[in-house]
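Asker: Take a look at the letters that make up each chain.
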Amino acid sequence: MRFSINRRKFLRASGISLALPLLEGMAQNSLGKDQGNPIRRMVAIQTNMGILPQYFFPDKAGLDYVASPYLMRLKAHKSEMTVFSGVSLPGVTGGHTAERCFLTGTPHPERGGFRNWVSLDQVAAEQIGNQTRFPSLVLAMSGESGQTLSYTRSGAPISAERSPRKLFQNLFLQGSKEQLATNVEAIKQGRSLLDFVGDQSKRLNRSLSKLDQARMDQYYSSVRELEKRLHSSEEWEYKPKPVVAAKAPEDIDDAREFVRKTRLMFDVIKLALETDSTRLITLFIDTTVIHNITHHGNRPDVLAELKGHEEKQFDALNGFLTSLKGTTEAGQSLLERTMVLYGTCMGSANSHSNVNLPVLLAGGGFRHGKHLAFDKENNHPLTNLHLSMLHRLGIPAKEFSTSRGTMSGLELA
Amino acid sequence: MKKNMVQCTFFLVALAVPLAHANPVPIVVNEPAKLKVRILGLFAMERIGDFRLLLDKLKIKILELDFHQAEGILEFDPAKVLSGAKLQEYTSRLDELVRNSSQGTFGLKPPGTTPKNKLKRIEIPVLGLDCKACCLAAYEIVARLDGVEQATASFKEGRITALIDPGRIQLSQLETTLKERGVTLKK
Amino acid sequence: MTFPILSQGRWLTWVLLFVPCVVGEGRVLGGDIQSFLGKHCLACHDSETRKGQLDLSQGKPDFANPEVFSRWVKVFDKIDRHEMPPPKRPRPNRDEMGEVLSDLKKQLLEADRRIAPVGRKPILRRLTRSEYENTIRDLFDIPGIALQGDLPADGMAYGFDKNADSLDISHVNMAKYIQAADQVLDMVIATRPSPPTVQKRRISLANRGGFVAHVLLNGDGVLLRDKKPDPDFPPAGEQNHLDEGAHERMGTFQTGSSVGLFRHEDESFSPYLIEQVTIYPGNYRLSTSLWSFQWDKGKVLPSRGTESARLSVVQLTGDGRGGQHPSRVLGYYDAPSIHSQLHHEQVWLNANEIIGFNAASLAPAVNYSRKGRAMAFTGPGIACDWVEVEGPIHDQWPPKGHQTLFGDLPLKEFISNGQRKVRPPVRLKTRQLGAGMNRPDPDVGLFTIQSDNPVEDSDRLLGEFLPKAFRRPVAPGIRKGYVEKVKERLAAGDCFETAMRWAYRAALCSPDFLFHFNPDGRLDNYSLACRISYLLWNSVPDQILGDLALNGKLGDPKILHNQVERMLKDVKSQRFVEDFLGQWLKLRQIAATDPDKKLYPEFSSFLQDSMVAETRGYFRELLERNLGAEFLVRSDFVMINNVLAKHYGIPGVTSSKIHRVNLPMDCPRGGFLTQAAILKVTSNGTTTSPVPRGAMVLERFLGQPPEPPPPNITAIEPDVQGSQTIRQQLKKHRSDPACATCHDKIDPPGFALESFDVIGGFRNRYRSIGAGDPPIRGWIDPFLSINFKLGPGVDPSGILPDGRSFDGIKKYQELLAADPKMLLRNMAEQFVVYGVGRPLSFADRPQINSIVSKTMNKGGGIRTVVHEVIQSDLFQNK
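Protein chains in written order, with the working numbering: chain A, 64 to 476; chain H, 163 to 349; chain F, 65 to 942.
Chain A on its own, in the form it takes in the complex:
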């Protein structure tokens, strides 16, 4: 049974009928902050064995570029995405090992003793993660455990969820009463601790000079801010999880079916976004099964086979973007509010080169439609795009990783 297609039709039907009332309701509940300001999301996707550059990069720069074969699969969304060329992550080399740096930009992952930096989604989660039940979702469509796009501040990889079924259950099945009680108790204790130390700072403040008081006030406000966040976490524990008509999907075990597995994951991701269960998602797509043909050596038959696979990947991406576009929230499509970053860590998997990375950004609320072409010899930092994405999420960071500013030519809509 072609489960995925049937399910997608089914979900779309149920998704739309459930989405509107659910979304509006959620928007009001989430701290009342978003009246007026649209809720912004981010989905960052990396496919780790490269994307054939000759079928990805369009020739001309600017608005009226001619779509390449891969971009043709996304032609319905041309005006809603920006294609980049001449970008890479400064200092990130090491062929395959660069796959852990797509969202961190840490130089030289191939060196002994390499310690990764914090990933884009985790930086964002620190700031906005508390507004949803799940601060972020770290996902993978992969054959091996251990592959992930997300890293903590101390460089530890965050395990990815690889099963769409388990993800679905986490999102929509209620937890046990015991788990609820444990979680709530932990949060209550955290809040009680903050209350206590907040009082200590008030006591200390009384005997401080004015300038010193300003510093103690900073401590106090941090305590209060964290308390608020814990408070909203606690509220989440009591709120029932959203109800969707769809049933939990069946996982596909065959690693060779990576396109079908990707589509399945996209389906659940869309549900997660629709129900505002999270606003930050990373997805590591592992296509190691076709690793040997990515070393095509320019043999036409191997190239053709690889092209076939990659085209199907772009079809899956197209399906995802279309499904987001078809969902509305407060008068805008979900795609307009969700940045979808799609790319790879190798400019040429054949030669293991890490420059001139094929990358595109769809949706999210930017002035799209262009091919932003940067210098192929002297690449523009991709981390600049990461910084722009943080800004789009409403986080006024001054820099991210190796960024030297925001992405040139990409304006907020």
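Derived from the structure by calculation, the hints contain no laboratory data. Virtual Cβ for every residue (Gly too), placed ideally from N, Cα, C. Where hints are given, some of them may not hold.
[Unchecked claim] List time: in silico PhoX-like cross-link candidates among lysine-lysine, alpha-carbon distance up to 20 Å:
(1) F:LYS549 <-> A:LYS251
(2) H:LYS271 <-> H:LYS248
(3) H:LYS349 <-> F:LYS435
[Said to hold, decoys possible] Listed next, with one range per pair, are the computed distances between beta-carbon atoms:
(4) H:MET207 <-> A:SER208: 21 to 29 Å
(5) F:SER332 <-> A:THR215: 23 to 31 Å
(6) F:ARG256 <-> A:ALA277: 46 to 54 Å
(7) F:MET501 <-> A:VAL247: 40 to 48 Å
(8) F:PRO207 <-> A:ASN268: 32 to 40 Å
(9) H:GLY266 <-> F:ALA656: 44 to 52 Å
(10) A:PRO459 <-> F:PRO772: 18 to 26 Å
(11) F:ARG256 <-> A:THR215: 24 to 32 Å
(12) F:ASP584 <-> A:ARG287: 22 to 30 Å
(13) H:HIS230 <-> F:ARG256: 31 to 39 Å
(14) F:MET501 <-> A:ASN268: 50 to 58 Å
(15) F:VAL519 <-> A:THR215: 38 to 46 Å
(16) A:LYS265 <-> F:ARG586: 26 to 34 Å
(17) H:ARG214 <-> F:THR261: 32 to 40 Å
We have chain A; now place chains H and F onto it with these hints.
Answerer: Showing chains H and F alone in chain A's frame:
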């Protein structure tokens, strides 16, 4: 009455069929069990000693051992060596025991069914390092193929030999498999 | 230049200048200052010409305005240093200048003291990340717990992070502090009645995890027995070994043979000793046996000399598989030719940490793709006979940290009977990653601290703990607040351990713990003790210092001096060396750039690590021997190891460890400026430029930070093709007078240092990718291919603003060393900014001068500066 007779006959025939194909099992229960087996892992003569040491530790006696057929007859007390095993399970349980105690370098199988005179001995000249583990690796590459009843591997002597059932496998298949798995064949 | 015509407006200003103004913000400058300005300054610095944006014609400068004030400080300094009027102009009369300077100084001092006293006090600040980590480590005697990495990065202000301006707090910090406190308590609180079994295990590089086995199969390494190839494992030759799994099952790698490696670690090769994966955090004894050899197509011969192997501590993450896990270097160890050398180390290991190895002194060379593999290879190899790990070592149980929290209270099995339902303590399950052969002890059951008088005990224990954690006496009322919380938790059904844990966690997140508190005015003994211990140990005062503070003894200069001596001699003072140098000399940025592989093939992580060790070792030597300020810029010895000796062209050094070596006569090295680390942090990996190097010399060694560049000046891209030198490209610095005012000062040190490349190697000619002459290999390893050529010659000559000239680095160093007072003053300033946590202002100068003259009277040594700084009023007041 006739119906019952027919049913009985069917029943007896039904019993007989599996019995005829069963492993040769001992008739008397309380005496030590005797089992004829195919031995995996005897890729060189020196392995005989390793095998004897191993079975000694496991309290299994070797009554007969034919290196060139890789077959033997073992004697053991099922109650002590294999607690609670059924007759039919003796070979598989012993195999498990032998594997676990030898890091999987030795194993046991039921003896082959092909008549001995139908088997053919072949030889493949190879190049490789004079290393016991490499010999094991080369041996395992061929021994796992269906139709290979026995094999030896020695890079010191530069050859792999095998006793094959020509009805089930050809020399060329062994050569191909060896090549695929990184063994250098001597031209 | 023609004499400028004074405009009408200017005449008016002149007239007004002589009218003393009582009304208004500004203070009228005295008559002699005015006339001096008129004679020597206003020609360029009036309201019309405004050379350098400076207008000195305003008679009433508003010193309350910080910008105006700092501008006038600059005026003072420039006149004081004879930089203004510029050398080409007529010199002012010496007496006239002396009077003017002393007058201006008086006014500036008074203004600074009156108007901006507030700005001179350091503002309340929290602990830096590294102070936090060290404080925890010392408080609980857990020398290796890793906490810094999880905390958000600190900022930097005035060159250091120990400053309120660089230390913000946000909710992210708070969340991480709570997390860290839990991590600490999880490690410290004992959960068993007896220590974990001490396991001693000899492990090998040829191990079950396969990290090294795969390279042995392919000839990038060999197995050796009795200093010869292992007969049971032929070296890979025309063929390689088949099937790693088969070898592991046959026990090929468990025979105790030594592993000889030809291959350096790289992206496909992480030499991990995976058989011991730490389960119990603690101290471990490590030993290893190493030697080196020359391999010649199957023969083991004496090596080219002592090689160096690296041991590191690797933190397994994820599922523990694969390579490139984060790690920190433990050290570099000698592997002498043929004869095994034993090395011993004691190291703290956290859960899931393992030991990593690297054949550090070998050039990257591989055999797996070579025809004939190891049997066709001739080259050096490093052999590791074994590594032994023993531990965890506990000299007492429960450990000291646990006793800091719970004193002598007994550990008993938790039995949850009794009238009230008491919840058992929570125990974490830690999973051992990877393929360790060491196994956890069998579960002993649930043990926890037993208290028969919980409220009394909590009061007593908190009474001992809080003053230690808060670094000062704690009022009973504050302690009571914590005890009340413990009572609450007990009433809510927590067991004693959990209830106390609540209080301890709160204490570690409270502002009393996280902030440095100093009373206004003269520091009390506690604050002084803290200021000294955070300067010298980056951490809390220990028991001895704490007791002296308690008894009010730190006011006695003799006692203070003895304490400083004791603390400098303590191994914890290494934290001062590392933290201070990391910032003062930017060593924290040592890995910020990558030297271009084509231009600098000889660069390695061994060299980089050694560079940092050199600078630290040198500073330590200055402190130990109390050497004078000249040694900052010049010396007759260096602190180096074998790889640095090769790099510097100094023969006869074989040890991997940093030690003192006398410099050969003709060697251009000596002092900090010629050290590779400093030369690297002031380059960009591909090229050098005199500007950042000169700026660093001015700022960090002379105490005369240059002005920032004017806006809209584009950076110069140095020419790697070899057609122009950077010096030629910087012509404009000299030809354009607007540029020259600053660059006449910045460029000369940079020119002298042009004799050193981006990794600190000495050069007479620039390396280039494009045109040039064939290169000389020099000390570059024979296995490295050289792809650069020799370009234009280096011109390291220059002229100082005062007219003195030099032809190269040695002469320049002499010129610098001629003014030790200036160098000393800068060191004192750096120590004060670092130790007190605020920038220096004009009013601090007399104090600094006093520190300098006292130091000069006692021999002028760097160690003396440290003492004098600590004894000064600057240091002992808020």
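Asker: Are any of the numbered hints broken by this structure? If so, which, sorted upward?
Answerer: As far as the earlier hints go, 4, 13 are violated by this structure, in ascending order.
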